[in-house]
Amino acid sequence: RGPAGRGMAAAAFERRVLRSAAEHHYLRVRLELPDGGARPNAAQFKQLVVTALRELHGEVGAALPVDVLTYEEKTLSAILRVISSGLVKLWSALTLLGFYQNRRCAFRVLQTSPFLLALSGNSRELVLD
Amino acid sequence: HAALSRRYVLCEVVSEDPRCRQCIEDRVLGLAIRDAITRVHGDYGLACCSISFTVKYLNAYTGTVLLRCRKDSYRLLCSALPFVRHLESRGQRCPCFLNTLHVGGTIRTCQKFLIQYNRTQLLRLLQNCTNEEERQCIQKSLLSCSLTEEQSESGDEEDDDGTE
Numbered sequence: 003r004g005p006a007g008r009g010m011a012a013a014a015f016e017r018r019v020l021r022s023a024a025e026h027h028y029l030r031v032r033l034e035l036p037d038g039g040a041r042p043n044a045a046q047f048k049q050l051v052v053t054a055l056r057e058l059h060g061e062v063g064a065a066l067p068v069d070v071l072t073y074e075e076k077t078l079s080a081i082l083r084v085i086s087s088g089l090v091k092l093w094s095a096l097t098l099l100g101f102y103q104n105r106r107c108a109f110r111v112l113q114t115s116p117f118l119l120a121l122s123g124n125s126r127e128l129v130l131d
Numbered sequence: 010h011a012a013l014s015r016r017y018v019l020c021e022v023v024s025e026d027p028r029c030r031q032c033i034e035d036r037v038l039g040l041a042i043r044d045a046i047t048r049v050h051g052d053y054g055l056a057c058c059s060i061s062f063t064v065k066y067l068n069a070y071t072g073t074v075l076l077r078c079r080k081d082s083y084r085l086l087c088s089a090l091p092f093v094r095h096l097e098s099r100g101q102r103c104p105c106f107l108n109t110l111h112v113g114g115t116i117r118t119c120q121k122f123l124i125q126y127n128r129t130q131l132l133r134l135l136q137n138c139t140n141e142e143e144r145q146c147i148q149k150s151l152l153s154c155s156l157t158e159e160q161s162e163s164g165d166e167e168d169d170d171g172t173e
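Quick note, the sequences are listed as chains A and B, same order.
Numbers in the working numbering are just positions in the first sequence, counted from 1, shifted up by 2.
Numbers in the working numbering are just positions in the second sequence, counted from 1, shifted up by 9.
There's no promise every hint is true.
[As the list claims (entries may be wrong)] Chain B is nowhere near these chain A residues, computed Cβ spacing over 12 angstroms in every case:
no.	residue
1	Arg32
2	Asp37
3	Ala40
4	Gln46
5	Arg56
6	His59
7	Lys76
8	Thr77
9	Lys91
10	Ser94
[Stated by the list, open to error] One side of the interface only, derived from the structure: several residues of chain A facing chain B at Cβ under 7 angstroms:
no.	residue
11	Leu58
12	Gly60
13	Val62
14	Gly63
15	Glu127
In case anyone wonders, no lab produced these hints; they're calculated from the structure.
For each residue, glycine too, the CB sits at the ideal point set by N, CA and C.
Turn these sequences into a full structure, and let the hints steer you where they fit.
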């Protein structure tokens with residue numbers, strides 16, 4: 003409650019704290035394919051993510067709304083968007099994925115945030131001259 | 010001390026195929042349900058639900074099945090039951106579906122529900138009788154039900170007359 007001042011009615015204010023209110027979570031991930039074979043294109047990348055979800059979490063997991071916002075075939079890195087309630091399922095599925103077309107692979111999650119803007123800067127890869 | 014809570018799911022196997030009765034076995038059903046959980050909820054769901062999952066009771070005549078699972082994963086189990094579509098046994102594959110009747114915390118509550126449910130089912134079957142013969146048959150078998158005192162708690166099997 004704000005203080006009442008000089009005979010005026012007290013200005014009432016209300017404080018609201020929203021925890022985990024963001025609708026989506028964003029992940030910057032990189033796929034590591036140590037063998038020098040053909041790289042997946044964007045559609046194959048999305049298929050790989052959905053396959054990972056289907057293996058660990060079944061049809062319910064595969065139906066999770068996941069979007070590939072950006073994808074770079076050269077570096078095999080992408081920004082994924084997932085509904086906040088599905089973050090744990092997606093991250094665990096990416097962690098436990100081991101094979102892409104019978105080739106060994108691994109997903110590295112570089113950054114994650116409920117705000118897309120936060121993924122634009124990465125203090126880990128910051129180079130100080 | 011967190012007590013080990015379990016949930017008991019009572020369901021019935023409904024099928025138009027008369028050979029389905031032979032397929033209703035605990036191993037067959039257990040496999041079919043585990044397969045459905047794997048399809049719907051993946052490896053994680055299967056591992057979650059498999060902890061203390063068993064088929065506790067089966068009645069092939071009425072198609073009643075009692076399943077047991079952990080309290081934490083009964084929702085995974087219940088949501089996967091509609092995806093059981095066939096029962097495979099001895100090379101036979103019968104289409105069927107599982108109808109969930111009741112979820113209880115103990116076997117006793119499920120038993121109480123089942124007794125009540127069977128009573129109402131018998132009444133319904135009696136009403137749906139098409140001819141007098143069937144009616145007499147049902148009435149006779151009902152009146153001849155008895156509770157044998159030797160066994161600890163088993164009552165008489167309340168068979169239906171097979172016309173589902």
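Hint by hint, here is what the structure shows:
no., hint, verdict
1, Arg32, "holds, 24 angstroms"
2, Asp37, "holds, 25 angstroms"
3, Ala40, "holds, 28 angstroms"
4, Gln46, "holds, 21 angstroms"
5, Arg56, "violated, 7 angstroms"
6, His59, "violated, 4 angstroms"
7, Lys76, "holds, 32 angstroms"
8, Thr77, "holds, 29 angstroms"
9, Lys91, "violated, 8 angstroms"
10, Ser94, "violated, 7 angstroms"
11, Leu58, "holds, 5 angstroms"
12, Gly60, "holds, 4 angstroms"
13, Val62, "holds, 6 angstroms"
14, Gly63, "holds, 6 angstroms"
15, Glu127, "violated, 32 angstroms"
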